[in-house]
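One letter stands for each residue in the lines below.
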Amino acid sequence: MSDPKHQPAQKLVFVAIAILLVIYPLVLPRFYSALAIEILIMSLFALSFNLMFGYAGMLSFGQAMFFGIGAYTAGLFLKYISSSLALAMFACVTASFLAAVLIGFVCVRFTRTYFIMLTVAFSELIYAIGHKWASLTGGDDGLVGIPIPRYAIAHLPTIDLENIQTYYYFTLIVVALGALVLRIIVNSRFGHVLRAIRDNRERAEFLGLNVRRHLLLSFAIAGLFAGLAGALLIPFEGMVSLETLHFSRSADPIIMSILGGTRFFLGPVVGSALFILIKDTIQNFAEFWMLWMGAIFVGTVLFLPGGVVGFVGSLGLFRSRHATTEEKEG
Amino acid sequence: MIFIQFLNGLSTAMLLFLLASGLTLIFGVLRVINFAHGSLYMLGAYFTYSIATLSGNYWLSLVVAPLCVAVAAAIIELLFLRRLYAREHEFQLLLLFGFVLVLDDVVKACWGTALKLVPKPAALDGSVQILGRTFPEYTVLIIVLGPLVALGLWYALARTRIGKQIVAASLDRDAANALGMNVPFLYTTVFVFGAWLGGLGGAVAAPLRAASPGMGMEIVIMSFAVVIIGGLGSIWGAFLGSILIGEVLAFGTLVVPKFVVVLPFAFMILVFLWRPQGLFGKGGV
Numbered sequence: 001m002s003d004p005k006h007q008p009a010q011k012l013v014f015v016a017i018a019i020l021l022v023i024y025p026l027v028l029p030r031f032y033s034a035l036a037i038e039i040l041i042m043s044l045f046a047l048s049f050n051l052m053f054g055y056a057g058m059l060s061f062g063q064a065m066f067f068g069i070g071a072y073t074a075g076l077f078l079k080y081i082s083s084s085l086a087l088a089m090f091a092c093v094t095a096s097f098l099a100a101v102l103i104g105f106v107c108v109r110f111t112r113t114y115f116i117m118l119t120v121a122f123s124e125l126i127y128a129i130g131h132k133w134a135s136l137t138g139g140d141d142g143l144v145g146i147p148i149p150r151y152a153i154a155h156l157p158t159i160d161l162e163n164i165q166t167y168y169y170f171t172l173i174v175v176a177l178g179a180l181v182l183r184i185i186v187n188s189r190f191g192h193v194l195r196a197i198r199d200n201r202e203r204a205e206f207l208g209l210n211v212r213r214h215l216l217l218s219f220a221i222a223g224l225f226a227g228l229a230g231a232l233l234i235p236f237e238g239m240v241s242l243e244t245l246h247f248s249r250s251a252d253p254i255i256m257s258i259l260g261g262t263r264f265f266l267g268p269v270v271g272s273a274l275f276i277l278i279k280d281t282i283q284n285f286a287e288f289w290m291l292w293m294g295a296i297f298v299g300t301v302l303f304l305p306g307g308v309v310g311f312v313g314s315l316g317l318f319r320s321r322h323a324t325t326e327e328k329e330g
Numbered sequence: 001m002i003f004i005q006f007l008n009g010l011s012t013a014m015l016l017f018l019l020a021s022g023l024t025l026i027f028g029v030l031r032v033i034n035f036a037h038g039s040l041y042m043l044g045a046y047f048t049y050s051i052a053t054l055s056g057n058y059w060l061s062l063v064v065a066p067l068c069v070a071v072a073a074a075i076i077e078l079l080f081l082r083r084l085y086a087r088e089h090e091f092q093l094l095l096l097f098g099f100v101l102v103l104d105d106v107v108k109a110c111w112g113t114a115l116k117l118v119p120k121p122a123a124l125d126g127s128v129q130i131l132g133r134t135f136p137e138y139t140v141l142i143i144v145l146g147p148l149v150a151l152g153l154w155y156a157l158a159r160t161r162i163g164k165q166i167v168a169a170s171l172d173r174d175a176a177n178a179l180g181m182n183v184p185f186l187y188t189t190v191f192v193f194g195a196w197l198g199g200l201g202g203a204v205a206a207p208l209r210a211a212s213p214g215m216g217m218e219i220v221i222m223s224f225a226v227v228i229i230g231g232l233g234s235i236w237g238a239f240l241g242s243i244l245i246g247e248v249l250a251f252g253t254l255v256v257p258k259f260v261v262v263l264p265f266a267f268m269i270l271v272f273l274w275r276p277q278g279l280f281g282k283g284g285v
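Line by line, the protein sequences give chains A and B.
For the first sequence, the positions run 1 to 330 when our numbering is used.
For the second sequence, the positions run 1 to 285 when our numbering is used.
It should be emphasised that the hints constitute simulated quantities derived from the structure, not laboratory data.
Note that the coordinates shown come from a computational prediction; the quantities given were computed from them, not determined experimentally.
Each hint should be verified, as a subset may be incorrect.
[Claimed, not checked] Facing chain B, from chain A, some residues (calculated, C-beta under 7 Å):
| id | residue |
| --- | --- |
| 1 | LYS11 |
| 2 | LEU136 |
| 3 | PHE288 |
[Claimed, not checked] What follows is a set of in silico ranges between Cβ atoms, one per label pair, in the way DEER data are often shown:
| id | chain 1 | residue 1 | chain 2 | residue 2 | range |
| --- | --- | --- | --- | --- | --- |
| 4 | A | GLU205 | B | ARG87 | 20 to 28 Å |
| 5 | B | ALA175 | A | THR94 | 34 to 42 Å |
| 6 | A | LEU277 | B | THR113 | 38 to 46 Å |
Idealized CB from N, CA, C, for every residue including glycine.
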């Protein structure tokens, strides 16, 4: 554990950030709320990716399939079955979890290159189905005409997601809870087993750990949270676009996690904020923002193996408790 | 009709083979999947477009464009990839993936987002009669080119000194190094040569499919399916895998035209479940 004198400062920073997140949409214009919502959603998406890559060592190039499956399930549920927000979210996490169990069952049997290529192939398969099964998904046009739910359960105060502030707070709560659950998972025995597998799969096997079952569960949990993140995007776009399933969507959480630092729990969150802010800035003066984002990504891979969080941590100004534990393990 | 469809499948297959062979060759030695392979293929197509329109000579571009791609690959390997050999494979792959992002937009910035059509060379613009049906001459060229490349590769790997060194390095890098082979040089050679093959694929594909910014990702993912089916690291595996995928696509179009894009991946997953190391792979998944 770290130097105790850093602890109060760290807590202060967390409290400050929490307060900032709560009052943020009250003081700044709508545009910034939208920006923050995007960052929050992508944070959850990137955290789900990093549960697999940062903790279990599985590099997935197909996380968009679960993002999309979650979004389409929630969208279809709201459109055709019930306008209940709570039930739609339940349907969404169930579907993405089950899809991840099925696909993960094949993928986690293999390591490294094969795992990566399988995730790409499955992702293409799901994309192709989403694209061609237009009667269900709307194909190229995306799934439109989804009623935005106005309440969760009848007894609670109305949640009107068409109101951007309500939408912001709703997203904030869901993402914060999701992050909390993920945090508990990575700090649990299960999370430590994942790290053991990441660092030495053979040794973990010899210790009698059921490697496949642990990897499958982490794959499925990651799929679940990716799906939840995808569903959160519906009020943002007012629809589910085919793009949610596309390969370029799978690239986002990869870039974000690397940018922020995969060995730190909040690395993907920092990365997603950086990603969206950089993208927004570049788009103001350059047409092809991915060119610059790609260059930043290449630079990070080459020179900042710990990402931005790792780099800031190595300066020693701002050492977080978690970062220190991680460094010791690494 | 069926035979013509078979030939169409074969032409897709040989195009895929040009990519898959480079992919599998690079994997065999560097142990990394070249994610940027599709981008190099795309660069090959765009270079072909520019050289062919500037010089008016397609054959010149067919020679020069792949060489330009090879130079680009040499820059990637020598300046960037080389720094990461000591780190986990994932980081090499991520770096190459970064180049996918960069090159896709470089192409858009340089050539625009519209399709770039490359006219077929005049000498091969006609068609031939096969079993009473007309078949474009240019497609015949592609079908002939594939096996020639496969034979050339086989000869280079089995009969030449550098080829044998490459095979040795792919089997056991440390032993090859200890025996005094210049392993870093072999790495560069293989990466650049594999990229050249990809560039050649792009140059050949340009008159057939036109150059477009998304063309790389589409075909590289298809080539993943090919090399998984054939077995990573195996040239003949890539050859057979290409033919299988090409034909699955060609005949799939007849049976389920709407869902044809699904077939190669479904087929790949089936083969993979049955034989994870691929048809020609040697285990060690």
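Right, here's what the structure says about each hint:
Contact between LYS11(A) and chain B, as hinted, is not supported at the beta carbon level, the nearest pair being about 34 Å apart and thus beyond 7 Å. At its closest, the beta carbon of LEU136(A) sits 13 Å from a beta carbon of chain B; the interface hint therefore is violated under the 7 Å criterion. Restraint check, PHE288(A) versus chain B: the minimum CB separation of about 4 Å is within 7 Å; hint holds. The beta-carbon spacing between GLU205(A) and ARG87(B), approximately 24 Å, falls within the hinted interval of 20 to 28 Å.
Look at ALA175(B) against THR94(A): about 52 Å separates their beta carbons, and that is not inside 34 to 42 Å. Under the hint 38 to 46 Å, the C-beta atoms of LEU277(A) and THR113(B), about 25 Å apart, miss the expected range.
Consistency with the previously given hints fails for numbers 1, 2, 5, 6, ordered from lowest to highest.
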